[in-house]
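Q: Line by line, the protein sequences give chains A and B. Just so we're aligned: the first sequence equals residues 13 to 359 in the working numbering. Just so we're aligned: the second sequence equals residues 13 to 359 in the working numbering.
Hints were generated in silico from the structure; no laboratory data involved. Watch out, some of these pointers could steer you wrong.
The list treats identical chains as one, so a pair stands whether inside a single copy or across any two.
As the list claims (entries may be wrong) - Here are the simulated DSBU-like pairs of lysine-lysine, each with C-alpha atoms no more than 35 Å apart in a straight line:
1) K195 to K357
2) K357 to K240
3) K240 to K194
4) K300 to K195
5) K194 to K300
There are 2 protein chains.
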Amino acid sequence: MPVTTIEWIDDHIRLIDQTRLPTELVYLDIDDLPRLAEAIQSLRVRGAPALGIAAAFGLLLIAHRFRGEDAAELLRHLRNAADLLRRTRPTAVNLGWALDQMLQVAEQHIQQPVAAIRRALHDKAMTLFESDRQVCRQIGEHGAGLIPDGAQIVTHCNTGALATVDWGTALGAIFTAHAQGKKLHVWVDETRPLLQGARLTMWELMHEGIDATLICDNTAAFVMQQRKIDLCIVGADRIATNGDTANKIGTYHLAVAAKHHGIPFYVAAPISTIDFTLDRGEQIPIEKRAAEEVTHGFGRQTAPEGASVYSPAFDITPNELITAIITEVGVLYPPFREAIPQLAKNT
Amino acid sequence: MPVTTIEWIDDHIRLIDQTRLPTELVYLDIDDLPRLAEAIQSLRVRGAPALGIAAAFGLLLIAHRFRGEDAAELLRHLRNAADLLRRTRPTAVNLGWALDQMLQVAEQHIQQPVAAIRRALHDKAMTLFESDRQVCRQIGEHGAGLIPDGAQIVTHCNTGALATVDWGTALGAIFTAHAQGKKLHVWVDETRPLLQGARLTMWELMHEGIDATLICDNTAAFVMQQRKIDLCIVGADRIATNGDTANKIGTYHLAVAAKHHGIPFYVAAPISTIDFTLDRGEQIPIEKRAAEEVTHGFGRQTAPEGASVYSPAFDITPNELITAIITEVGVLYPPFREAIPQLAKNT
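So here's chain A without its partners, still in its complex pose (with noise of 0.2 Å):
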């Protein structure tokens, strides 16, 4: 069974701090939306699925505290909520996505009592938990099969069960190939500035018994010259419709190594992390990251006092480095531009 990131417990939301990890398992009970946004920017939650459920959790939240009787102005609560979730993290679309759906049900209720609209945001909420459950088995099972025995696999940032409610999705990809009995050795990228691989991905793989040998991101193309590496696969927080992918920083330069050493690359993500308005990667927003988050990664300055910072959470890698991208329906491959509409149509 995967590690629980997130769940609904009566009337409150329960998470990991994954700012703990990998030293302390710390779970955090939320019951306000300032506490949960926090949560949120501070990365305690992470992860482009997890994220989806924790804005649901948070419009939830909101539902159950509120006093009133007037379905209205809850409503404008709701919204107003939203417009704060959304401002947290502003390149995962899965939360704006989870956001969205949660407020187009309390709207179609809109006529109904303040407990009518509650019940049906709550049905809401588990039915996008239980949906992302089954994406997250569908990716891996559609991922596997890109995993043959033997390989050896470099991944980046954090794409398991702390990113998701399930087995994640690159990470998925990887736990499904291992359950079906094949030997993998696994590269994990420490992901600087916030080490999400070294402290979340290494936890996850070696909680599995999986392979793994953590290296610092500078590492990945060395370990490829040496030919140690057969496949890279990656996680998604938005992508284009023309398949350029914004991922965690570092996504790009690993996905420029392997092309230069001619390795396949995966990114693995439900479809939900697809933003149809989008023709191509540079139109998606980059957050940028506090210069803190740098110079004093873990307790320890590590840079001069005053020092300039460049900081992005993510970058975009280009669909052209992209070999095909593993969805919940089945693998997408070039040209996406013409797979990922097709998409849109049967879905």
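Go by the hints and put chain B onto chain A.
A: Frame of chain A, contents of chain B only:
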């Protein structure tokens, strides 16, 4: 004036403890070999040219502490010390090169009294020191010629005053271009795991008032994609006669990204960095560093207990990714397999 990384004072070595930078500028006075070996292994002193000087000073220390009158016995002590120092850092060739120069002087004076050998070693060490200073200035001049006014430059690790006894190699070229009045902007790879870029290069550039921005190593390719980098310049720890270059881990990844974006990639290094006994890069021994430098890098444990880690100190950039090699006698262009042996004939 550049800071003085390492110098000989009366009867001992004084060096900056670079592990304390950028928050503290601490000088260490070292008067025995075990402490010097520890300082080299712990990277309190580092940088290929500075390591050559440290090694030469290490043998001078032996000569100064030797209390006997038997020249042959002194030579035995010197050789033992050289063996120990040679093992501290296996990749940087300058270290062994300087030791060989010093031992040769002792051997040439073996018929003379111990005091005369001591004086000869002192003179040789000072000559190496002065020569390194000259070499830095010349590399700086040749390198600056490749840096246009207004250039945006990316560099990796530290190749400045802290890595040499003067302005440095790759960073020396940047300092020289700046002194010529060129307006520059330098993107500084933080250089995991030990953050020589963040701690040392940022410190040196800010000290000189050069516009600099710190980035994580995984970010350089994304900055290149945004067309904000005109050229790369790095140092070297050992260069084979075909031009393949061992340098700080991450150099190869950067060179691959530069190639992908059509950006010139320069290596700046003294001729003493060239290992004329090696045909190609894969023959260069690559030092592996302790897992803890990755998993406990910032004071806090950032990977699970027992995590397997691959942490090579260096990687090999093949000659086809290198635009030119900047030396004290001029700029070498491909084919390096011809230019480098030619150099051996002319110098």
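Q: Give the relationship of K357 and K240 under a CA distance limit of 35 Å: within one copy only, between copies only, both, or neither.
A: neither (40 Å within a copy, 39 Å between copies)
Q: Classify it for me, K240 with K194: is the Cα-Cα distance of at most 35 Å met within a copy, between copies, both or neither?
A: Within one copy only: 17 Å inside a chain, 43 Å across chains, cut-off 35 Å.
Q: As a check of your reading, is K300 near K195 (CA-CA no more than 35 Å) within one copy, between copies, both or neither?
A: For K300 and K195, only the inter-copy Cα distance (26 Å) is at most 35 Å; the intra-copy one is 38 Å.
Q: Which holds for K194 with K300 at a C-alpha limit of 35 Å: within a copy, between copies, both or neither?
A: between (39 Å within a copy, 30 Å between copies)
Q: At most 35 Å between CA atoms: does that hold for K195 and K357 within a copy, between copies, both, or neither?
A: Neither: 38 Å inside a chain and 53 Å across chains, both beyond 35 Å.
The structure fails hints 1 and 2 (numbered hints given earlier, in ascending order).
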